[in-house]
Amino acid sequence: MWLLKLAWKNLWRNRSRTLVTQSAIFFAVLLSVTTSSLQDGVFDHFVRNMVSYYSGYIQVHRAGYWEQQTLDNAAVRNKTVESVIANHPDVNALASRIESYALASVDEITKGCVVIGVEPDAEPQITQLNQRVASGRYFEYNDQRSVALLSEGLAKRLQLPVGDTVILISQGYHGAMAAGKYRVIGLVRFGSPELNDQLLYLPLPVAQTFFSAENLVTSYVLSLATDKNLERTAASIHRSIGKKYEVMTWKEMMPEVDQHIQTDKGTMYIISGILYLLIGFGIFGTLLMLMAERKYELGMLVAIGMKKQKLMVVLLVESVLNVVVGCVAGMLASVPLVWYLHVYPIRFSGELAEAYQRFGFEPVFPASTDGWLFIVQGIVVLAMGFLLSLYPLLKVWRLDVVTAMRK
Amino acid sequence: MNMMISMAWRNIWRNKVRSVVIMISIALGLVAGLFIMGLYEGVLNDRLNTVIRQEVAHLQVHHPRFQRDYEAVFCLDSASRLVERIRSLENVQAVSARTVAPGMLATSTGSAGVQILGVVPVDEDAVSGLKQKLIEGEGFKANRHNQVVIGRKLADKVNLRLNSKLVLTFTDIENNLVSAAFRVAGVYQSTNAPLEERLVYLHAVDLNRLMQMEDACHEIAVLLNRDEAMTTAEQQLNRLYPNLLIENWQQLSPETKLMIETTDTYSIIFIVIIMLALMFGIINTMLMAVLERTREIGMLVALGMNKLRLFMLVLWETVILTLTGAPFGLLLSWLLITHLGNSGIDISSISGAAMSGFGFSSLIFPRFPWSSLPLVLYIVCITALLASLVPSFKALRLIPVEAMRQ
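As you go down the protein sequences, you meet chains A and B in turn.
Numbering (my numbering) for the first sequence: 1 to 407.
Numbering (my numbering) for the second sequence: 1001 to 1406.
Some hints could be false.
Covered, in the sense of this in silico footprint (three residues per stretch, anywhere, with C-beta under 8 Å from a C-beta of chain A), are these stretches of chain B [as the list claims (entries may be wrong)]: (1) 1015-1021; (2) 1110-1117; (3) 1265-1275.
It is worth saying that the hints were derived from the structure and are not from the lab.
Predicted, not measured: the structure shown is a model, and the values here were computed from it.
For glycine and all other residues, C-beta sits at the position ideal for the given N, C-alpha and C.
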């Protein structure tokens, strides 16, 4: 007990020393929490941007559709399945689509395009399609009219202004002939030329009639609250709706994006490693100087008969107190900092910001406020602090009284 | 002044452990900063290489209206002369003339919208490495007609195999629909799934004959032997052919540009954080060093050393420590980056991702960031200077009587 008391008194005896040691730990926690929350936030933001572009977090198709994307593999709409998916706790929104190719033609010009039948009210919850309208207007609620939204690039290639009519020709369900004419009510803008030159949107029932595919959909598109439970959610949805359907995550649909993210994550891990190295070295440097400063004092204690083991216990208690106090303070201080970076994310400007806006993304690097992050980083630094606290113990163990007290 | 420096120098070597620790932190900070820069440079370089050497090449030449309308009429006439002229330009490594036709691919089981490229196989191999991308079949063989090379993703989607037959439909130069049957001579795999699903390659001779085009093409892809030569080559082409549209990869692949600039921007954020970590490390170590020397500093003040000189003494110590630590850091980072740049870092073992299935490499080859070296050096020196200010002020606030009472 008196050992504890001694340790406590030692901490208060030289306040600036204690403060410096604790601040080393404090800043270590602060920095590592900020780093990892920024890393997490950047990926979350990037993924959200990518999936809200077109694919959604998860898609559900009739089994086999992804391998062979033809209308003949479309699924019959099923209210029970839809409500099972929509009621899954992690699912934010659900939209049905029917998708196929067609030739779009105006006067002499004919172009290939991707026709997508969407639910006018559900689609914006996933892809913000209504906000992409660059001229004209978006579909009406429950639209049944023969109207179309064209991507800007496609409209330009067809030399088609808003208000004109486009003729679509294609092959419908089970080889039926599909043809129809549609009034263009608006143009939508996509940053990626690939989508911008190809997409043509129709209201879902209108597209189903066009393809002679009444009550059929090619895909259910899902949006989630967070990317964290992606695989688990996909698996649990698959279990509840059965083998007749395939449930695909964006990672399976866009492996090249996942690949880029994995590479970036790899580099992030390396960066975290380097950060820990620097932090660890900072803490070590502080402890090293601490022991140099206290050499005389410790030597004297041993000289007047204090057992080295007991002295080591005192130092250990001091270190533990220092590390714990620094850690807790760091975790507490990082909460408002991270929260601030979450609400007022780092905004960038210039060419990159313009490029982001062209793609319809917000030019920010937000921080993630995941609670686990604070705990994990706190524990990592705590462990590092304890490990490094072994250094003073070692130093005492090897302490030579005579040299220590020689000034 | 001289005395200050020599005193600072002696102080540094009086307590070797402390000085070595600070030098190591500075060296470590430099290594960390340079290593991260090098890492990002490696990643970006890899992406750039993929985009330039496997997809779009450095520059592309089109008829100004072609990319907007994709009409066969907007072609480049007397293509062979044009290609020869471009090939003879400085820094040009390879040139491939392509005839481009959007069209439909049909088999007995399905159909798909495709982009048909008519190419001269040897040239295309040199520009986008088509031959290296083949995973089935041997590609175009001489003296055979109507061969086609398709992507693995497209092959899976419409159930095609090597030697299967398929029908391509497209419009010719007079806007007539043309259909012709082709046999699959090869299946390629690339790192870009959407392109793999859309691009199919024909021999230029076949496509030009069907489209009624003689010595013409729609697109000329130009690969240079150095990335840095791009601006010059672009200007030169613009001067030579003011009536043609010359675009570089940044305009052709805005997504890549976006990705690269994003990485560039956030790498700066993490470098700032790393430098902060370095700064706190140095500040704390120096603070402890000042605390340790309380008595000694107190004595100096008691003996009549003025405050400015004391301040300068601690400052000089830090500066000397920085200047000694930095060269070590530079040498160490150069060795480390060069070594890892040769052997590569396998990030699949770190991030636990299995990527080989898509034909991706999971190795990162860091490159020594020569271009950002001055910046990193500058940041590290400023950091060390700032870090030294805190302990210097701390030394000033010591009261001699208290400091000497021990």
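### Query
Are there three or more residues in the region 1015-1021 of chain B whose C-beta lies closer than 8 Å to some C-beta of chain A?
Coverage by chain A holds here, the residue count being 4 at a Cβ distance below 8 Å.
### Query
For the region 1265-1275 of chain B, does the count of residues with a C-beta closer than 8 Å to a C-beta of chain A reach 3?
holds (count 6)
### Query
According to a criterion of three or more residues whose C-beta lies within less than 8 Å of a C-beta of chain A, is the region 1110-1117 of chain B covered?
Holds: 4 residues of the region 1110-1117 of chain B have a Cβ under 8 Å from chain A.
The structure shown violates none of the earlier numbered hints.
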